[in-house]
Amino acid sequence: MATLSIGADDLVDNPTPRVPVSLCLDTSGSMGGSPIEELVRGVNLFYDAIDEDDDAHDSAEINIVEFNSSAGLVHDFASIERLQRISSLTANGATAMGAGVNLALDTLDRRKATYSGSGVLYYQPWLVLMTDGAPTDNIDLAVQRVVDLVEAKKLTVFPIGIGSRADMNTLARFSPNRPPLRLDGLKFKEFFEWLSKSVARVSRSTPGDTVKLDLEGLAGWAEL
Amino acid sequence: MSLDVQLLDPVEFLQPNRRLLIDTNIFMDPDSRRAGGLKRLFERGQGVILTNSNPIVVPTKVIGELTKQSRRDPSREAEERTKVAIQKAGTALTFLEDASKVGLVRKDLGDDSNPYADDLFLRIFERFASTYEMCLLTRDITIKLRIRLLAHRLDKRLLTGVLTKDGDLEIESDQSLFDRGLRKYTLHASNVAEGNGNFKDRSEVASLEPLLEQFRQAFDLQDSEVNAGDRSPKTSAPRNSRRTPKAQPFSSTATIKPRDAVLNFSSLPKERDRVSWESATKSGTLLLGALLGEGGEGSVYQGDRNTVVKIFDKEHVTRHRKEKVELLVRSGIQAKGLCIPSALVRNAAGDFVGYVMPKATGREARTIFNIRKLEKDFPTWNKSDLVDICISFLEQVHLLHSMNIILGDINPKNLMIDARKNVFIIDADSWQLEGYPCPVGTPMYTSPAMLGKTYADDLRTMEDELFAVATMLFQIVMTGQFPYMRTGTDGDMVQLIKEGNFAFQYENRNNKDQPDGDWKFIWSHIHKPVKDLFWHTFHREGKRYKKRPTAAEWLDAFKAYKAYLANKRLNFDPMSNDVRPIRNKAFRPDTPIEDCATCGRRHAIAGIWNDDDTQYFVPRQCNKCRDAQPFRPSAGRPTIARGATPATAACKDCGKRFPRAQLTYSRCPACTTKANSLDTNRLCVDCRQPFITYDHIGWFQSRFLDVPKSHSAIKQTCSTAPRPTSTKPSTPPQVGFWTRFKKWLQGN
Chain F
4 MATLSIGADD
14 LVDNPTPRVP
24 VSLCLDTSGS
34 MGGSPIEELV
44 RGVNLFYDAI
54 DEDDDAHDSA
64 EINIVEFNSS
74 AGLVHDFASI
84 ERLQRISSLT
94 ANGATAMGAG
104 VNLALDTLDR
114 RKATYSGSGV
124 LYYQPWLVLM
134 TDGAPTDNID
144 LAVQRVVDLV
154 EAKKLTVFPI
164 GIGSRADMNT
174 LARFSPNRPP
184 LRLDGLKFKE
194 FFEWLSKSVA
204 RVSRSTPGDT
214 VKLDLEGLAG
224 WAEL
Chain A
1159 MSLDVQLLDP
1169 VEFLQPNRRL
1179 LIDTNIFMDP
1189 DSRRAGGLKR
1199 LFERGQGVIL
1209 TNSNPIVVPT
1219 KVIGELTKQS
1229 RRDPSREAEE
1239 RTKVAIQKAG
1249 TALTFLEDAS
1259 KVGLVRKDLG
1269 DDSNPYADDL
1279 FLRIFERFAS
1289 TYEMCLLTRD
1299 ITIKLRIRLL
1309 AHRLDKRLLT
1319 GVLTKDGDLE
1329 IESDQSLFDR
1339 GLRKYTLHAS
1349 NVAEGNGNFK
1359 DRSEVASLEP
1369 LLEQFRQAFD
1379 LQDSEVNAGD
1389 RSPKTSAPRN
1399 SRRTPKAQPF
1409 SSTATIKPRD
1419 AVLNFSSLPK
1429 ERDRVSWESA
1439 TKSGTLLLGA
1449 LLGEGGEGSV
1459 YQGDRNTVVK
1469 IFDKEHVTRH
1479 RKEKVELLVR
1489 SGIQAKGLCI
1499 PSALVRNAAG
1509 DFVGYVMPKA
1519 TGREARTIFN
1529 IRKLEKDFPT
1539 WNKSDLVDIC
1549 ISFLEQVHLL
1559 HSMNIILGDI
1569 NPKNLMIDAR
1579 KNVFIIDADS
1589 WQLEGYPCPV
1599 GTPMYTSPAM
1609 LGKTYADDLR
1619 TMEDELFAVA
1629 TMLFQIVMTG
1639 QFPYMRTGTD
1649 GDMVQLIKEG
1659 NFAFQYENRN
1669 NKDQPDGDWK
1679 FIWSHIHKPV
1689 KDLFWHTFHR
1699 EGKRYKKRPT
1709 AAEWLDAFKA
1719 YKAYLANKRL
1729 NFDPMSNDVR
1739 PIRNKAFRPD
1749 TPIEDCATCG
1759 RRHAIAGIWN
1769 DDDTQYFVPR
1779 QCNKCRDAQP
1789 FRPSAGRPTI
1799 ARGATPATAA
1809 CKDCGKRFPR
1819 AQLTYSRCPA
1829 CTTKANSLDT
1839 NRLCVDCRQP
1849 FITYDHIGWF
1859 QSRFLDVPKS
1869 HSAIKQTCST
1879 APRPTSTKPS
1889 TPPQVGFWTR
1899 FKKWLQGN
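As given, the protein sequences belong to chains F and A, one line each in that order.
Under the working numbering, the first residue of the first sequence carries the number 4, and numbering increases by one thereafter.
Under the working numbering, the first residue of the second sequence carries the number 1159, and numbering increases by one thereafter.
If you're looking for bench data, these hints aren't it; they were derived computationally from the structure.
Be a bit skeptical, because a hint or two may be false.
To be verified - 27 Å max Cα-Cα, derived DSSO-like pairs, lysine-lysine:
hint : chain 1 : residue 1 : chain 2 : residue 2
1    : A       : 1494      : A       : 1323
2    : A       : 1832      : F       : 115
3    : F       : 115       : A       : 1531
4    : F       : 157       : A       : 1656
5    : A       : 1726      : A       : 1686
6    : F       : 157       : A       : 1832
In this text the structure is predicted, and so the values were computed from the model without any measurement.
So here's chain F without its partners, still in its complex pose (with noise of 0.2 Å):
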């Protein structure tokens, strides 16, 4: 675990609380081309606007998941310092939801059990679930982790369906509190503006405090 404890200094020694978020991409055949282009641009912006957000700079932490024939992981938590910007994501294959979101959910608790073995104090985790399909694997075991979770609070998730063929019957599932949203054409730039201001607020507020999150702010990039 070498690697890991590169890390190990600004994760102690900086006592912001940390949000971790996961992203969770399909990467499926059928996202090549603008749409798998646009994802990654957004990403790319999403952590610039973390960057530069004072708050948000301390207390994010991201990882980014992807899910075609199979799940893998793009990079694991980082502080946006220590964050390359994503230069690509190959699309291709089938779309291994079930398996992505069950790698997310393990990242997720892996990164909250080294928190929890610092001493770093944490907000709950967020999940950002973004698919243009429907699953070719069976989620079952997925959606009830993630049901149980959000359920518990320990857990805010954001399903989004890209382009029209996205299944939401299947998102749905993945969302026990609100209805999953459908992006707007390709705005993904908008999402993850929308994204990074949501986490900046959660870091300007203590763990603890409830949170409102600013759902007008979506109509700009989403249909409800």
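We have chain F; now place chain A onto it with these hints.
Okay, now just chain A, sitting in the frame of chain F:
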């Protein structure tokens, strides 16, 4: 406000061609924030005084006034303030007698023909202006104005000011002097106007009116645009008075008011809109200036130079807020740093929409809760500066508590700190007073008893408040750490507070749950009495867990902390004054303390006492340098061949040159380590654990092959062993490490 004063070293006025004089009121100063300033001045200046035979001048007139004051009979005085004053006068006389015997003070100069000492000083300054540069220590605004005007007219260096508690001379700007003069004038003038004026009121009005006009013309000053509530007589005590004598405490027994309700109003004013204001005694209108910020309850606009106007947003224009603002405006409480409403603000239709208050400057307290921001914004600060912040915060809180005001929502967003270590407390409209609850709160600062209650529906007790005060102090002095932080929690703030498990090492309790990082070192250096109070307050087994220390108790403890840091004999470890120490406090005064030879950090290494051979062992590197090494020395420290320059080669991964003997498969030791470690970003698709080394990944990538995705793809089987829950690197026990390190040093 920080720009309104300038600090000078008064010792410069002890040079032969200069004179330093002291007025009576300096000896009678009731302001505890300045306490000790005279003592500092004499300590610093005594050598210069004696060398130059230039004692500080305390005229006979001042001695006479002090004598008269000290002869009053304290038992016949009802007011506590008067009793204190009598005592202060006596103390001053004794001190001056002693100081004059050793030649530090001259108290035989003077001319008793004039009944007022103020006039005497003016005459002295007029007469000797061309002979000496002179400085008078005084709190009296009238004499300050006169001497500033005289200096301007004669173009001579004649100064007036007061001493800070560090014995520095604080000199106000022209505008600030003028503003204060105006406030003094308004105070006396309104007494006269209301028919309550006495002789003093009338004579002050008579002398200040022409004086202020001359002053305004001489320095080309403007009356500030708004003659707003902050100028009003009741809220305009001179700045260095804690509060006006008229301020009366709120009720300490009020019961909770009926629930709050939103008030009707026609519209909310915006930038450049005209609003009307109403202070305790005056009213008028003003234009809202630039929008300075938006908060959870409303927006803040620039008022005049030193004031801002808060306009509530629509959900927060409520009956409670209006009535609280009215009470505070009328209260007359004023102290530097307390952003108390000075006037109620109405829109054009006459509806309550907000209030005027003094402007806070500086940064939100969160700045000092984050080492990166602290080092950027206040790079020169050390621990004693953080202790000063605590003292300044406590003085404000103490004053409010004495008025039966509970701040309620103490949190780092409601405190502002400037570079001069002034603390500003904002959000006065949320304070709890007279049965109006504080409707907001922050879980991190909420006492176990209050957790779970609704802030708006319950009155906080003083115990609830003192929990928040203690938490804030802990975070200031510990640079942001939360008192109940420990390892092995799931981050549930409410749970952590309710458990009362304060994890920092205290006396012989061996707590394994201290958070990782430098926090234990920072804690180890905190002054023991302050540590005691923290532990007993936060730990459920502590003696003060249910009866928490008051602001006054903390104030004493932090003042003692300050004195301790300045005392070289008691504070024998120089690292104790670092904002963030990186090692434990030195064991005893004789503990060897050294700079780190590797990184050069001062005092970074302290000897470690070894009971077995009853001597100190001094490590070669500081903790930081030791931790920065990829491997501990015992695991094989890279050795560099002595003698002839070794043949070197470039590491194939990082490209840096290394002695060939250190390279393994053309990699340097660090890159070898990395190459052989598992890439934690790539997880096996079957078991979701890291499975492939960087070296192996590189092999595939160099051949433009897809990197495998599972254990099975690289002919391994998934491990079924449970994964450790913590990913922190395991650290060998410290004793074991040093023993091994020593052996290594000795070549065993």
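Okay, the hints, checked on the actual structure:
Distance check on the hinted pair: residue 1494 of chain A and residue 1323 of chain A sit about 15 Å apart at the alpha-carbon level, within 27 Å; holds. Distance restraint check for residue 1832 of chain A and residue 115 of chain F: the Cα-Cα separation of roughly 25 Å lies within the 27 Å cut-off, and the hinted pair is therefore satisfied. This hinted pair checks out: residue 115 of chain F and residue 1531 of chain A have alpha carbons roughly 25 Å apart, not beyond 27 Å. Our distance criterion of 27 Å between C-alpha atoms is met by residue 157 of chain F and residue 1656 of chain A, whose separation comes to about 19 Å.
Using a Cα cut-off of 27 Å, the hinted pair residue 1726 of chain A and residue 1686 of chain A holds, with the two alpha carbons roughly 16 Å apart. Between residue 157 of chain F and residue 1832 of chain A, the direct Cα distance comes to roughly 35 Å. Violation of the 27 Å bound is thereby established for this hinted pair.
When the structure is compared with the earlier hints, a violation turns up for hint 6 alone.
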